[in-house]
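Enquirer: As you go down the protein sequences, you meet chains S and E in turn. Per our numbering, numbering through the first sequence is continuous, rising by one, with the last residue being 362. Per our numbering, numbering through the second sequence is continuous, rising by one, with the last residue being 562.
In short, the hints are calculated from the structure, not lab data. Careful, some of the hints might be misleading.
With a Cα cut of at most 27 angstroms, we get these calculated BS3-like pairs of lysine-lysine [said to hold, decoys possible]:
1. S:K188 to E:K464
2. S:K135 to E:K336
3. E:K336 to E:K356
4. S:K361 to S:K346
5. E:K291 to E:K204
6. S:K287 to S:K340
7. E:K450 to E:K543
8. S:K135 to E:K464
9. E:K356 to E:K378
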Amino acid sequence: MDVTGASPYLSIRRLTKRFGSFTALDDVSLDVFAREFVVFLGPSGCGKTTLLRAIAGLDIQTSGTIHQGGRDVSALPPAERDFGIVFQSYALFPNLTVFDNVGYGLVSRGQPRSQIQARVAELLALVGLPDSGAKYPSQLSGGQQQRVALARALAISPGLLLLDEPLSALDARVRTHLRQELKELQRKLGITTIMVTHDQEEALTLADRIVVMNHGVIDQVGTPTEVYRQPASPFVADFVGTMNFLQASVAEHGVVAIGGRQFWVESLNGMKPGTAATVCIRPEDVKTRNVEPGSENALEVEVKALEFLGSFARARLAPADGGDPEIVADFSINLLRDLKVEPGLKLPVALPPDRLRAFPKA
Amino acid sequence: MTAASAPLIRARASRDDLIMRAGLALFALFLLVVVALPLWALLSKSFQDHNGNFVGLANYLRYVETPALFQSFWNSLFVAIVVTAIVVPLAFIYAYALTRSCMRFKAVFQGLALIPILAPSLLPAISLIYLFGNQGLLKGWLFGQPVYGATGIITAQVFYCFPHALMILVTALSMADQRLYESADALGASRLRKFLTVTLPGAKYGLISTSFVIFTLVITDFGIAKVVGGRFNVLATDIYKQVIGQQNFEMGAVVGVVLLVPALLSFAVDRIVARRQVAQLSARAVPFEPKPRQSRDLALTLFCAAIGLAILGVFAVSVWASFITFWPYNLTLTLKNYAFGNFDPLGWGVYWNSLKMAAASAILGTIAVFLGAYLVEKSKGFHVGRNFVHLLAMIPLAVPGLVLGLSYIFFFNMKGNPLGFLYGTMAILVVNTVAHFYTVSHLTAVTALKQLDAEFEAVSASLKVPVWRTFFRVTVPICLPAILDVAIYFFVNAMTTVSAVIFLYSSETKLASLAIVNMDESGFTAGAAGMATVIVVTSAAVKLAQLGLSRLLSRTQAWRKR
Ligand SMILES: Nc1ncnc2c1ncn2[C@@H]1O[C@H](COP(=O)(O)OP(=O)(O)OP(=O)(O)O)[C@@H](O)[C@H]1O
Ligand SMILES: [Mg+2]
């Protein structure tokens with residue numbers, strides 16, 4: 001998604017939210033562009049919901065401003081903002097039919113009955129429940145309820161769609177399926193969407209941009225690839241995907257020492273020689289095929305343990321001559337077969353310099 | 001940390017917020033007028049002389065120095081302690097049988113035990129007089145001792161208080177964690193040890209709470225002491241005598257304040273206990289499933305049968321006696337005791353008054369309670385207002401009916417009170433009854449509202465639907481069973497209440513429950529029994545109607561089916 005040059009649809013500036021002496025959001029700034037799908041990702045209690053509720057006006061921030069579509073909505077109550085919302089609980093009205101739930105926001109706008117009927121039918125078709133209008137929420141499955149909640153939020157054609165962990169109450173299969181549907185629907189409608197989740201897989205597959213949050217601050221904003229490939233902090237690196245964390249010290253320009261061995265690193269983020277560092281590499285980035293012993297960043301290792309994970313296997317590796325670093329690396333099933341990998345096997349692997357990321361030691 | 005800080009934001013209130021805040025303010029005013037200000041009037045009266053001059057503690061000193069008055073303080077204390085000591089263990093065993101055994105006919109036993117709630121407290125007292133009074137059938141059983149006095153009060157109170165104790169203890173005992181018993185089994189604990197180390201500690205708070213509730217009920221009940229107290233004076237009858245008999249309002253106020261002390265104390269303890277109790281049952285607890293054990297189940301069945309039959313018997317005596325021509329000499333059946341015109345100028349009019357008053361209290365009280373609870377529970381921000389209203393709503397639980405009634409006399413007769421015109425009308429009886437039974441209803445409504453999804457209001461706001469629409473379209477329909485509960489609670493209590501309204505009725509607005517007191521006073525015991533029977537039948541009918549109605553709700557409203 002190209003966002004350069006455009007002015008943001010939603011602009012959050014220096015938002016702080018305090019609950020008594022506890023700071024749930026600390027000076028958060030963020031831009032969201034029209035038609036974008038942004039996902040707030042972070043561990044439990046990091047402030048995702050708080051930020052979402054501030055955007056909705058449900059729990060107004062202590063300080064800081066929010067502009068939506070060029071309008072200052074910072075202090076406005078929810079009813080005067082323009083958004084639709086789906087909660088984790090869906091909050092469907094149990095005593096109203098699916099039809100009445102979806103049409104709930106339309107009735108008080110004084111539209112004629114026939115128009116409402118047409119709109120609700122359209123929405124139900126959109127979310128794939130064309131024949132469920134007469135049912136009550138309790139007669140639907142969790143996934144169906146989630147779609148009804150979505151249809152209800154979309155009914156008034158809001159400028160912004162807010163989703164707070166909309167898929168977390170569903171079982172894994174339904175969740176994967178609904179994830180795709182949600183993404184397609186969002187593309188089709190082109191509605192600016194913000195979703196909260198603590199599920200990194202959900203964030204990676206759905207988001208145009210991911211906002212990784214930790215302890216009330218934003219650690220990184222970026223596309224899924226950026227967040228995965230170039231995590232801005234060890235926290236992001238750890239929270240998104242699996243990561244090797246290796247204790248190192250900066251030896252000289254472009255070189256770090258790990259357990260007495262020297263490795264080339266593409267970027268040291270300006271760290272000076274002698275500083276203690278944490279060097280990261282993802283298991284799938286460890287080069288395991290066609291490594292010449294003695295080549296750049298190569299290392300002779302012994303397979304200590306092997307864990308099958310379906311289409312690949314994850315191995316724990318330790319230097320063949322003992323010492324550090326211990327590394328976790330992924331082997332494709334193919335390679336596994338070709339090399340006859342099993343515990344005790346010795347082989348050369350390499351840590352490509354462009355895949356190694358170094359951070360100052362916390 | 002950045003140097004300059006971002007602008008502080010003050011949330012702008014929406015129209016909905018403003019409506020709800022205005023509602024809360026109105027409610028605070030309402031509760032102030034019907035609860036707080038009258039109590040204040042009572043309190044200040046107790047520090048004044050006849051002419052309204054401030055006299056400090058003079059009235060209190062006189063109270064302590066008048067042996068006849070102070071003696072009733074000890075009498076009340078004695079009676080309350082004895083009744084508590086009898087009722088709590090009995091109700092505990094009964095509740096244990098209902099919750100922890102595989103006894104059969106549990107529903108029947110539960111129903112039997114709850115009968116006394118349907119009647120004014122006077123009824124067991126009247127029955128005692130029929131059984132053991134001067135013309136009592138079983139007079140001989142007392143070896144010539146009169147039933148009037150402490151014995152009569154204690155016996156009648158035990159019957160009256162039993163269901164109140166039972167309800168709390170059943171709740172306490174049904175919250176048990178199966179896993180605790182399983183681990184005790186695994187450790188090879190004996191039955192007695194399990195009872196002492198698992199069951200009793202689990203019910204500890206329930207037992208404490210019950211004891212205080214019963215103690216307060218006894219100390220503040222008026223009807224029983226009035227009917228079988230004889231010359232044994234207690235606080236509750238003292239107030240009545242001081243105010244109605246001697247027109248000594250100041251002394252009445254002092255006794256009222258004294259009566260408030262144990263009630264407030266028990267209220268405080270109950271609150272503390274309730275807070276502790278919450279943490280007891282974790283979300284992961286496994287509900288307790290009793291296993292059959294023949295000897296225990298049989299023993300408990302016999303115990304419950306004995307108690308249940310005693311309760312039924314006591315109530316049946318009054319009902320039977322109300323159809324008797326001339327107790328105990330001519331036991332042929334008759335309807336003449338139901339010609340209430342012979343005993344009271346209003347005749348059946350008092351019953352219609354009661355129905356009117358109960359219906360008005362049920363309707364207006366339920367509307368007030370539910371709206372108030374909704375405002376407290378669902379309005380945003382304005383914490384001060386919400387907490388204040390909630391606090392005011394809790395006060396009536398701690399105020400005995402007699403004290404509230406007396407307070408109303410003072411408050412509505414105050415010079416310059418613009419509401420003075422209410423005095424002596426049906427309206428004041430309704431307002432007083434709503435106030436008297438406000439707390440339990442409020443808590444019922446709050447509990448029901450807490451079970452709703454907290455985001456309904458947020459969803460409505462996002463859909464630009466005004467809050468009142470969601471209130472009528474969603475909140476009220478979902479809470480209908482709780483609303484029905486509240487209405488019935490108001491109705492039954494309005495039918496049976498004596499203590500508060502006895503100070504407030506006029507000759508035209510006399511209620512059935514008050515006519516019982518009058519008839520008994522004038523020696524028309526059979527008429528009193530007849531009127532009590534009419535009240536019991538009415539309450540029972542209303543309860544049955546409620547059962548039927550809630551069945552109907554769950555059957556006709558498809559969405560209530562799971
Ligand atoms: N009303 C409140 N009063 C006090 N603290 C609050 C309140 N709401 C949230 N918090 C605190 O603010 C922090 C952030 O809460 P928030 O609900 O935003 O977390 P979250 O990132 O959505 O987590 P989760 O994944 O568990 O939903 C938490 O530590 C929480 O305890
Ligand atoms: Mg959350």
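Enquirer: All hints, please: hold or fail.
Expert: Results for each hint:
1. For the given pair, S:K188 sits about 25 angstroms from E:K464 by alpha-carbon distance, which is consistent with the 27 angstroms threshold.
2. With a C-alpha separation of about 58 angstroms, the suggested pair S:K135 and E:K336 falls outside the 27 angstroms cut-off, and the hint is violated.
3. Distance check on the hinted pair: E:K336 and E:K356 sit about 25 angstroms apart at the alpha-carbon level, within 27 angstroms; holds.
4. Among the hinted pairs, S:K361 with S:K346 is inconsistent with the structure: their alpha-carbon atoms are about 31 angstroms apart, more than 27 angstroms.
5. Simply put, E:K291 and E:K204 have alpha-carbon atoms about 23 angstroms apart, close enough for the 27 angstroms limit, and the pair holds.
6. Between the alpha carbons of S:K287 and S:K340 the distance comes to roughly 17 angstroms, so the proposed pair stays at or under 27 angstroms and holds.
7. For a cut-off of 27 angstroms, the pair hint linking E:K450 to E:K543 stands: about 25 angstroms separates their Cα positions.
8. Taken as a hint, the S:K135 and E:K464 pair is honoured in the structure, with Cα atoms around 24 angstroms apart against an allowance of 27 angstroms.
9. Straight-line distance between C-alpha atoms of E:K356 and E:K378 comes to about 32 angstroms, which puts the hinted pair past the 27 angstroms bound.
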